[in-house]
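> Make the full structure from the sequences, and use the hints.
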Amino acid sequence: MTKDEINLILKRRIKNGDEFNHLIEKPKNQKVKLQSGDTFYSVSIMSKWAKTFYKQVAKLSLILKGNTIKETCDKVHYFLFYDIQYQADGVTQNIRSPANSWFNRRDGIDCKSYSIFASCVLLNLGIKHYIRQIKQPNFNPKQYTHVYVVVPNNQVSGKLEDGYCVIDGTVQSNKEPNYTDKKDVFMSLKLPHIGLNCPAPKKGLKGTPRKTKRSTTIKKSSNQTRERFPF
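Following UniProt numbering, the numbering of the sequence shown begins with 1 at its first residue and continues without gaps.
Please keep in mind that the hints were generated in silico from the structure rather than gathered at the bench. Treat the hints loosely; a few may be bogus.
[Unchecked claim] In silico lysine to aspartate or glutamate, DMTMM-like type, Cα no more than 25 Å apart, as pairs:
1. Lys175 to Glu71
2. Lys55 to Asp107
3. Lys3 to Asp181
4. Lys159 to Glu71
5. Lys159 to Asp181
6. Lys51 to Asp89
7. Lys128 to Asp74
[Stated by the list, open to error] Ranges of calculated distance between the beta carbons of each label pair, as one might list FRET restraints:
8. Lys182 to Gln155: 17 to 27 Å
9. Val156 to Ile9: 31 to 41 Å
10. Lys159 to Asp18: 31 to 41 Å
11. Asn197 to Lys142: 52 to 62 Å
12. Ile6 to Gln155: 30 to 40 Å
13. Asn21 to Gly163: 30 to 40 Å
14. Asn21 to Pro137: 39 to 49 Å
A virtual CB, placed ideally from N, CA and C, is assigned to each residue, including glycine.
Dropping the structure here:
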């Protein structure tokens with residue numbers, strides 16, 4: 001199957017999406033030339049890119065958060081499928097930040113960038129997940145040709161044996177495709193740690209603790225964004 005044939009099958013009519021612009025950072029027009037490598041190298045860079053740029057969609061992540069793991073995955077998939085166009089990469093493999101994917105949403109992105117975007121949202125929400133690459137029986141069966149995200153139902157152990165949800169922005173059904181082999185890369189942020197052996201924090205001039213900056217969180221977004229999802 002050629003690149004043009006894949007694009008013909010997977011392209012869709014996307015929504016306008018402009019109501020989400022204020023929730024996603026703008027790209028900084030940076031282009032980094034990475035080394036050549038196989039699909040395993042691609043996935044390793046995807047993991048690094050997600051952990052580097054996940055904060056670009058910190059505000060959007062709150063909109064995509066559901067009441068359950070499944071609902072969250074469904075909302076992320078719905079957003080990716082209906083708001084970002086598909087376009088297969090050629091020989092050059094594009095590893096996009098979520099900001100870059102959103103900026104180019106009308107031209108299209110491929111499965112790698114859909115997976116990075118989904119991973120960034122999940123990292124913001126503290127949801128453990130895996131980037132999964134697979135060999136497909138009916139498409140270049142000896143090669144790893146597709147990648148997507150799987151999210152374990154058991155968020156305590158992070159293991160997939162208790163079932164999992166799929167996020168694959170390339171297809172409308174969001175069902176896991178058949179595969180003959182798979183490789184998973186676990187994704188979860190490591191929190192910073194500080195060892196303390198010092199006096200108590202200094203107080204303000206009037207005996208009150210110094211004020212610290214509060215973390216910036218968005219106010220409740222307009223119904224226009226929240227009501228975009230049919231669940």
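> Compare the structure with each hint and give your call.
Going down the list of hints, with the structure as the test:
no.	hint	result
1	Lys175 to Glu71	holds (15 Å)
2	Lys55 to Asp107	holds (23 Å)
3	Lys3 to Asp181	holds (23 Å)
4	Lys159 to Glu71	holds (19 Å)
5	Lys159 to Asp181	holds (18 Å)
6	Lys51 to Asp89	holds (22 Å)
7	Lys128 to Asp74	holds (16 Å)
8	Lys182 to Gln155: 17 to 27 Å	holds (21 Å)
9	Val156 to Ile9: 31 to 41 Å	holds (39 Å)
10	Lys159 to Asp18: 31 to 41 Å	holds (40 Å)
11	Asn197 to Lys142: 52 to 62 Å	holds (56 Å)
12	Ile6 to Gln155: 30 to 40 Å	holds (34 Å)
13	Asn21 to Gly163: 30 to 40 Å	holds (35 Å)
14	Asn21 to Pro137: 39 to 49 Å	holds (40 Å)
The structure meets every hint from the earlier list without exception.
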